[in-house]
Amino acid sequence: MVRLVFLGRLAGLAGRVEHEVAAPLDWHGLLALCDGPLAEEIANDRVKLALDGELLADKTALAAPAGAEIALLPPVSGG
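Just so it is clear: in the sequence shown, position 41 is 40 by numbering that gives the first Met the number 0, and no numbers are missing.
Label pairs and their computed distance ranges (CB to CB): (1) Arg-8 <-> Leu-54: 16 to 22 Å; (2) Val-75 <-> Ala-21: 29 to 35 Å; (3) Pro-74 <-> Ala-21: 27 to 33 Å; (4) Met-0 <-> Arg-45: 26 to 32 Å; (5) Val-75 <-> Pro-23: 28 to 34 Å; (6) Pro-74 <-> Leu-30: 17 to 23 Å; (7) Pro-36 <-> Gly-66: 24 to 30 Å; (8) Asp-34 <-> Arg-2: 15 to 21 Å; (9) Val-75 <-> Ala-22: 27 to 33 Å; (10) Gly-66 <-> Asp-44: 27 to 33 Å; (11) Leu-30 <-> Leu-54: 16 to 22 Å; (12) Leu-30 <-> Glu-68: 17 to 23 Å.
FYI, nobody ran anything at the bench for these hints, they're computed from the structure.
Because the structure is a prediction, the values reported are computed rather than measured.
Even for Gly, the Cβ is constructed at its ideal location relative to N, Cα and C.
When you get a sec, could you build the whole thing from the sequences and use the hints?
Here you go:
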């Protein structure tokens, strides 16, 4: 399994903070698991992904094996 962790407004779009899905998981698989508005937001260049605590420079290169954690990070707002 791969654990998805939705932060900030992404949790609201997902309707949950965490979700476990079958492994392995790549970029296209991640988008396929998400519904319309959530998938659109995740595909936005401003949303970042972290795999096991490390930010991915290219989120489309996502390759999460069993036991991995993917954190979905919305853009930071505020001052």
